[in-house]
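All chains, please: the whole structure from these sequences, using the hints.
Quick mapping for you: the protein sequence lines, in order, are chains A and B. Quick note on numbering: my numbering labels position 91 of the first sequence as 91, and the sequence is numbered without any gaps. Just add 1000 to wherever you are in the second sequence, counting from 1, and you've got my numbering.
Because the hints were derived from the structure by calculation, they are not lab data. Just so we're clear, the structure is a prediction, and the values are computed from it rather than from any experiment. Do not rely on the hints blindly, as some may be mistaken.
Stated by the list, open to error - So the derived list for chain A, only partly shown, Cβ under 7 Å to chain B, looks like this: (1) A38; (2) T44; (3) Q119; (4) N124; (5) T125; (6) P129.
Unchecked claim - Computed list of chain A residues with no C-beta within reach of chain B, every gap over 12 Å: (7) S89; (8) F139; (9) D171; (10) R181.
Virtual Cβ for every residue (Gly too), placed ideally from N, Cα, C.
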Amino acid sequence: MSVEQSHASAEVAARVERRWTIVAVIIIVMMALLAAFAGIHRATMPQPRVETIDPSRIHLSGEFVESNLGSVLEANGTVTVRAIGQQYSFTPACIVVPADTPITLRATSADVVHGILIQGTNVNTMLVPGYVSEQLMRFTKTGDYLMPCQEFCSFGHEGMWGKVKVIDKADFASRAKGGGRLSCVGQ
Amino acid sequence: MLVNRKLILAHFWFAFAVFGVALTLGAWQMFIRSPIGTWLSNPELYYRSLTAHGTVMGYVFPTLVAMGFGYAISESALEQRLVGVRWAWAGFWLIVAGSIMAVIPIALGRASVLYTFYPPLIGNVFYYLGVVLVVVGSWIWVALMSINLRVWRKAHPGAPVPLAMFANVAGSYLWAWTAVGAALELLLQIIPVAAGLKNTIDAGLARIFFSWTLHAIVYFWLMPTYIAYYTIVPRAIGGRVYSDSMARISFILFLVVAMPIGMHHTFADPQVGAGFKFIHSAFTALVALPTLLTVFTICASVEIAARLRGGRGLFGWVRALPWDNPMMLALAFSFVMLGFGGAGGLINMSYQLDASIHNTQWITGHFHLIFGGAIVIMYFAIAYDLWPHLTGRELIDIRLIRTQLWLWFVGMVVTTFPWHWVGILGMPRRMAYFDFGDPAIAPQALSVTLSAIGGFILLTSGILFLVILARGMRAPQTEAGPYRFSLAVHQPVTVPVALNTHALWVALMIALTITNYGYPILNLALSEGTSVPAVYVGAQ
Chain A
1 MSVEQSHASA
11 EVAARVERRW
21 TIVAVIIIVM
31 MALLAAFAGI
41 HRATMPQPRV
51 ETIDPSRIHL
61 SGEFVESNLG
71 SVLEANGTVT
81 VRAIGQQYSF
91 TPACIVVPAD
101 TPITLRATSA
111 DVVHGILIQG
121 TNVNTMLVPG
131 YVSEQLMRFT
141 KTGDYLMPCQ
151 EFCSFGHEGM
161 WGKVKVIDKA
171 DFASRAKGGG
181 RLSCVGQ
Chain B
1001 MLVNRKLILA
1011 HFWFAFAVFG
1021 VALTLGAWQM
1031 FIRSPIGTWL
1041 SNPELYYRSL
1051 TAHGTVMGYV
1061 FPTLVAMGFG
1071 YAISESALEQ
1081 RLVGVRWAWA
1091 GFWLIVAGSI
1101 MAVIPIALGR
1111 ASVLYTFYPP
1121 LIGNVFYYLG
1131 VVLVVVGSWI
1141 WVALMSINLR
1151 VWRKAHPGAP
1161 VPLAMFANVA
1171 GSYLWAWTAV
1181 GAALELLLQI
1191 IPVAAGLKNT
1201 IDAGLARIFF
1211 SWTLHAIVYF
1221 WLMPTYIAYY
1231 TIVPRAIGGR
1241 VYSDSMARIS
1251 FILFLVVAMP
1261 IGMHHTFADP
1271 QVGAGFKFIH
1281 SAFTALVALP
1291 TLLTVFTICA
1301 SVEIAARLRG
1311 GRGLFGWVRA
1321 LPWDNPMMLA
1331 LAFSFVMLGF
1341 GGAGGLINMS
1351 YQLDASIHNT
1361 QWITGHFHLI
1371 FGGAIVIMYF
1381 AIAYDLWPHL
1391 TGRELIDIRL
1401 IRTQLWLWFV
1411 GMVVTTFPWH
1421 WVGILGMPRR
1431 MAYFDFGDPA
1441 IAPQALSVTL
1451 SAIGGFILLT
1461 SGILFLVILA
1471 RGMRAPQTEA
1481 GPYRFSLAVH
1491 QPVTVPVALN
1501 THALWVALMI
1511 ALTITNYGYP
1521 ILNLALSEGT
1531 SVPAVYVGAQ
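This is how it looks when you write it as structure tokens:
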């Protein structure tokens, strides 16, 4: 190869490379923009606030005492679900919620790291002891969903499965009439 | 010029021996959690096995391969005897000792915390000390790589550092800094608790420290593979590296942007706010760049080989490639698996898409495709390529090598594709068994069975690999000649200082880590009342 030929081929190589780099950069910028759009426009972003809680005292006082766990219909028509995970179960073991209603899930762990995953939905969050996890959710279909613990929490991890029962909105409202906290118990 | 062959062989043999053990455990795990193996449903044994599998595959095996390959590169690319051979042996023995120290408590069931530790779960202190020894041993290698390059630079002022060594040293710096996250977690948080000096721990902070290590460690595993793509494959198939500077840019980009992205592993965690998660997500997208550049450069390099062999046309050259050459086969398989695994990774990096597959079997499928697939198959190729130079004996079982690579590729696809599928269905990971009698879970039985079959295909391939290497130690002697690396189409005469040294990029790597991790770590470390009681594994 003569010097001129070599020089020309180096230029071709550089040009092709440059084009490829531009394509690659465009792909990456597009992905970041899509994520930003989905985050801002569809409000699917992680919880913005960090809340702490003492796991050794949650059963004694505060938001996560046993009588306050389960689903509650708020005055504004939304529903709040409170749950805790501990080796090796969720409390409540079965959560009951209405369809077509904005729901806030607030949960924490009483001991080690657990995870809440509702199969067939995008509800998926970690329960880290010392911190409160909050996730917004909304179900369009009634039915039963499995809710396994998705994070290794020691030997009984594979046995830690909860359930979510999504019922009709009116049904839920009539059950919630008397106030108090709802779970699947008694169904 | 390979002088310290025994040192390099020791690293490779120990790496592949523990790999064989961990691979067997992996196949066993898949078998007993599938519907065909429910006769043994002992979760305790399962999690011991899982901890051993992860610890070996995550820390011991890739570190030893990177080190052994690194010493080989240092000697043959720089054409200079390794400086600090005694230290290198010391590092090796530290890793052997650390591995044994870690494995004993695992086998006794006192450290079933998986390789990701999961505080406030706390295992036996010797498990963590063993892991620390492995890391310390590898840091000796990092120092030696740096020192050897420095010695060479003194003797060759201003000369371009050979690409293989440039990349090798970049990989070692990446590892040194990446390991700091887990080291901080172990030394400041876990070991004091495991040793009984404290009984509370901040689990949220520990997870952030670990995420510092957890993603960039994958790029450390990837480094030998990428070095093989650029500096072995083109030579082995009769081609040239398309662009030496593009290769350098790719390795520099890995060094800089692989580090500050780990928080995408904690998208669903409550201890970090949304802002830093978004920043880490964007940086994760950025790390796709060096891989995209590599895919281009390597395809172009391979095309050169095909055209030199008479390949014609827009795509006709693909047929002219030396497909019976094991290196060509390994590269093609590696690229296919990297393609699927990388596409999965792009899904994981986006918070919005990650929500549907976070901590499901999808993730297991994704990283087995990347590490077990794209990366490990090139470790095989590296071993095959180096073996004649290390042993002075020819590897004659070329057909067997091809069979082994095929089996690995098929096994990996059969294992991981069903995992991706059940992951989308919401199957959680790290489960010792499933109740396939539950009508909601029963439809996943077929996929889990397929994966288990894939596991046995992989095990067969792994055994074949060890057999080929062992037979290679007893083949007739030959002179393999000097170990050489691929030449570039335009071999660099001079290289800009920025592409010939690491200082600027290491500084950038550290600075980016501090901006991306500094505030969240300080914030967590300074917040009161976030420490929770430790839960000791195996304690009654």
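Results of checking the hints against the structure:
1. For A:A38, the interface hint holds, the least distance from its beta-carbon to any beta-carbon of chain B being 4 Å, beneath 7 Å.
2. With a cut of 7 Å, the hint placing A:T44 at the interface with chain B holds, because the nearest CB-to-CB distance is about 5 Å.
3. Using the Cβ-Cβ criterion of 7 Å, the hint placing A:Q119 at the interface with chain B is satisfied: the shortest such distance is roughly 3 Å.
4. The beta carbon of A:N124 is positioned within 7 Å of a beta carbon in chain B (closest approach about 5 Å), and the interface hint is therefore held.
5. Given hint, A:T125 at the interface with chain B, holds; its Cβ is 5 Å from that chain's nearest Cβ, closer than 7 Å.
6. With 7 Å as the threshold, the beta carbon of A:P129 comes within range of chain B, its nearest partner Cβ sitting at about 4 Å, so the hint holds.
7. At the 12 Å boundary, the C-beta of A:S89 stays outside the reach of chain B, the nearest C-beta of that chain being 15 Å off.
8. Every Cβ of chain B is farther than 12 Å from the Cβ of A:F139; the closest lies at roughly 14 Å, confirming the non-interface assignment.
9. Against the 12 Å criterion, A:D171 stays outside the reach of chain B, whose nearest CB is about 22 Å from its own CB.
10. Every beta carbon of chain B lies more than 12 Å from that of A:R181, the smallest distance being close to 22 Å; the non-interface claim holds.
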